[in-house]
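Participant: Chain residues, written in single-letter form:
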Amino acid sequence: MSSRTLLARAVLVACLAMPAASVGAAPAAPPPARAPELEDLTLSLAAVDAAVPGGPRGEAVLDVGTLSAGSAAHGRTPVHRRVVVRLDSPSGRVAVARLEAFLGSEPAGCTIRVDGVVLSTMPRLIDAVHRVGIAVVHEIEISIPASAPEGTFLNGIEWVAESD
Amino acid sequence: MKKIVASAIVAFALVAATANAATSSGTLTVTGTIESSISLTIESAGGTTSGTGTAAASSDLGSIAKYGSAPTGFTLARGASNWTLSSTVGVQVDKANLTSTDYTLTSQLGSAPASGVTWKLNGSTLSDSAATTLTSTGTYGSTGSYSWDIVVADSAAAAAIDNSINFTATSN
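Top to bottom, those sequences are chains A and B.
With my numbering, the residue at position 148 of the first sequence is 148, and numbering never jumps.
With my numbering, the residue at position 46 of the second sequence is 46, and numbering never jumps.
Keep in mind that the hints were calculated from the coordinates and are not lab data.
Glycine included, every Cβ here is placed at the ideal spot set by N, Cα and C.
One or more of the hints may lead you astray.
Stated by the list, open to error - Facing chain B, according to a computed beta carbon distance under 7 Å, are these residues of chain A, among others:
1. Thr42
2. Ser68
3. Ile144
What the hints assert, rightly or not - Have a look at the derived ranges for each label pair, beta carbon to beta carbon:
4. A:Gly92 <-> B:Ser100: 41 to 47 Å
5. B:Ala131 <-> A:Glu106: 41 to 47 Å
6. A:Ser120 <-> B:Thr99: 51 to 57 Å
7. A:Val136 <-> B:Ser145: 38 to 44 Å
8. A:Asp49 <-> B:Leu76: 53 to 59 Å
9. B:Gly116 <-> A:Asp49: 55 to 61 Å
10. A:Pro145 <-> B:Ala131: 30 to 36 Å
11. A:Val48 <-> B:Ile161: 25 to 31 Å
12. A:Glu106 <-> B:Ser100: 23 to 29 Å
13. A:Thr66 <-> B:Asp128: 31 to 37 Å
14. B:Gly53 <-> A:Val48: 30 to 36 Å
15. A:Ala108 <-> B:Ser100: 18 to 24 Å
16. B:Ala55 <-> A:Glu106: 31 to 37 Å
What the hints assert, rightly or not - Where chain B lies over chain A, by a calculated footprint (3+ residues, C-beta under 8 Å):
17. 60-67
18. 93-104
19. 152-161
Isolated chain A, as found in the complex (with noise of 0.2 Å):
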């Protein structure tokens, strides 16, 4: 028999076994407490220029206060504020990550760009080996058309981060 089949066989017999084991054995003990599991990947956000600093872990308020297109001759005035991401790996499994980011409602004509894209609802790759373990700051541009109905503007930016 060739050391190659042995080793088959080997991997057979324990797979066969482990079930076997608990079969008929005694009342069995509570199971070790296990030590919980560290995440993989986490994301974290705080935006730079907020009047109203971030919530929990993931998420984030940008107030940008008042906005307005100016003159429609002049063409539209875009807002920029900034926005740290910080994606971590508790794990220590992940080096780098895709970074995507979509809106969560269409924004009734104006424009918000992530770092120059331009976002919609669809997720739009924003970084493609984005840092783990650093804090990066990206750039928010919002224009307003001069056509935008006044009032309240709302909104929300959601930002996926996946490992390969």
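Using the hints, position chain B against chain A.
Facilitator: Just chain B, lined up with the frame of chain A:
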């Protein structure tokens, strides 16, 4: 047996790939208030102008005299006891985030005119004490042209006639 081992390895590889994919997400709530606004610009004027296209333009007429030449962009009409320099002023008002369909435009002199000098826009005499309505149905986004006359009495002293015309647009 070789075949089985190979299959097992492939299965493990697929499981490993699935187990390593990790996702995390967050929400940045963006709030603000869109405010309506209008802007006024001086698009043109007689004289040697600067700052047209902005809200603070200036016009230099140079030295003017009844029996001299008309300044650039002006015509000169001589009367029996006075003389008139005539030109136009172009004013544009734009709107944003506003449902208003028209506006009211008024004008007022920045200071009292020199003695014997009368400033007129659209035929109405301007003063520094009260605003004069030029139109109450101005159209947004297009330049309104208003006649501009400076009437100088022959009796007026030879001196500077410097002044400013303040325009105010109010959405209706």
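Participant: Which of the numbered hints are not met once you compare them with the structure shown?
Facilitator: 4, 6, 7, 11
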